[in-house]
Amino acid sequence: MVHSEKEDKVVMFPKWKERLMLQSKQAVKEQRYQDALAIYNKLLDYKTRTHEVYTGKLLCLMELGEMVEAEVLCEQLLATQEEGYSDYIQLYSTLLFQSNQYDKVVELLEDITSEHDLAQQVKEQLMQMYHLSKSLDDDRKMEDSFRLISQFKQAINDRDVWKQWRLIQKWEGLPVEPHLEYLVSILKGEKNPVIKTGIINLLITNNVDKQVEVVKFGKTKPVNPSKLEFISDHEAVRGILLELEYHEQSNPSLLQLIKALLYRFVFVRYPFVPGKEEYPSIAKALTLIGEQQFHLTNLLQEDSHLYEYIKTIMECDQVYLAIIEE
1 MVHSEKEDKV VMFPKWKERL MLQSKQAVKE QRYQDALAIY NKLLDYKTRT HEVYTGKLLC
61 LMELGEMVEA EVLCEQLLAT QEEGYSDYIQ LYSTLLFQSN QYDKVVELLE DITSEHDLAQ
121 QVKEQLMQMY HLSKSLDDDR KMEDSFRLIS QFKQAINDRD VWKQWRLIQK WEGLPVEPHL
181 EYLVSILKGE KNPVIKTGII NLLITNNVDK QVEVVKFGKT KPVNPSKLEF ISDHEAVRGI
241 LLELEYHEQS NPSLLQLIKA LLYRFVFVRY PFVPGKEEYP SIAKALTLIG EQQFHLTNLL
301 QEDSHLYEYI KTIMECDQVY LAIIEE
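Those letters in the sequence shown? Residues 1 to 326, by our numbering.
Don't take each hint at face value.
So the derived label-pair ranges between C-beta atoms look like this [as the list claims (entries may be wrong)]:
1. Gln23 to Thr205: 51 to 61 Å
2. Glu82 to Asn157: 56 to 66 Å
3. Glu245 to Thr50: 31 to 41 Å
4. Glu235 to Asn207: 15 to 25 Å
5. Ser226 to Asn41: 47 to 57 Å
6. Glu325 to Pro175: 23 to 33 Å
7. Glu325 to Asp45: 39 to 49 Å
Honestly, the hints are just simulated from the structure, not real lab data. Ideal placement from N, C-alpha and C gives every residue a C-beta, glycine not left out.
Working from the sequences, and respecting the hints, build out all of it.
This is the structure we're talking about:
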């Protein structure tokens, strides 16, 4: 909460409050921000929770470089205080800008002018800060993407799949367009299928609207990333899970294990996904693997058409876990 926990204190006398307010203003005027902050905290302790006091405290925190505390206070005030909202939003956006958190400024001001009743002059000032922050944020993201692609190429040359995966994870929220040709070449080459799926996810996130070829396990498939679903949302995953619903009540722990096996199986092979006619067999194979890990069955005794599915699922699981720790 914004206010102090010292709820048992009495409300201060008006003259004392007036004297403290004058002392705080004088301290700020003389740039004695530590002294002023102490006075504002005392006023808040005695439940003098006014817009003037909160604004004064924020200014002191910012001048003293206490940016984290100021940021937390701004968030609390924006969430709980109606009076002074315009001032708090300006202070908060300034604070974020000064600490180079341009992405947070953009997020904060994205819809601010339409959601709140602000004076036209304030709106114009905030929109100027929004556009400047957006430009600086875009520039920084572009620089980061070029730095990452350089490191990624080196990791490819070094055949360091673990570093490749870590770099792909860092790429979230960064542009891929300048590096599209190189990334697409990885999808067609003889590289690790987990890394390829990571690249596909990047292309999906960036809504890349062009046909690219993906080569995995000796097969080639043309896909348009903008038309692809994320794995957890894919029809094949949902369809196979429907085949496994009976585990929901009988053995929830087994179902969680099976879900993890299914995700890793589809992840390694993506965008090559099972057809509807395969759902029942894959569900059965997943169940048998899960039951073996729970010591409920013995796969060595399994001698049926499910063998190839079981073998493929277990191989994909090993490929996935060799790179991605869970």
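Structure-based check of all given hints:
Against the hinted window of 51 to 61 Å, the Cβ-Cβ separation of Gln23 and Thr205 comes to about 54 Å, which satisfies the hint. The hint said 56 to 66 Å for the Cβ distance between Glu82 and Asn157, and at roughly 58 Å that hint holds. For the pair Glu245 and Thr50, the supplied restraint of 31 to 41 Å is violated, since their beta-carbon distance comes to about 58 Å. A C-beta distance of roughly 20 Å is found between Glu235 and Asn207, which places it inside the suggested range of 15 to 25 Å.
Checking the proposed 47 to 57 Å range against Ser226 and Asn41 shows it holds: the Cβ atoms sit about 53 Å from each other. At roughly 27 Å, the beta carbons of Glu325 and Pro175 sit within the given window of 23 to 33 Å. Between Glu325 and Asp45 the beta carbon distance is about 48 Å. The supplied range of 39 to 49 Å therefore holds.
Going down the numbered hints, you'll see the structure goes against just number 3.
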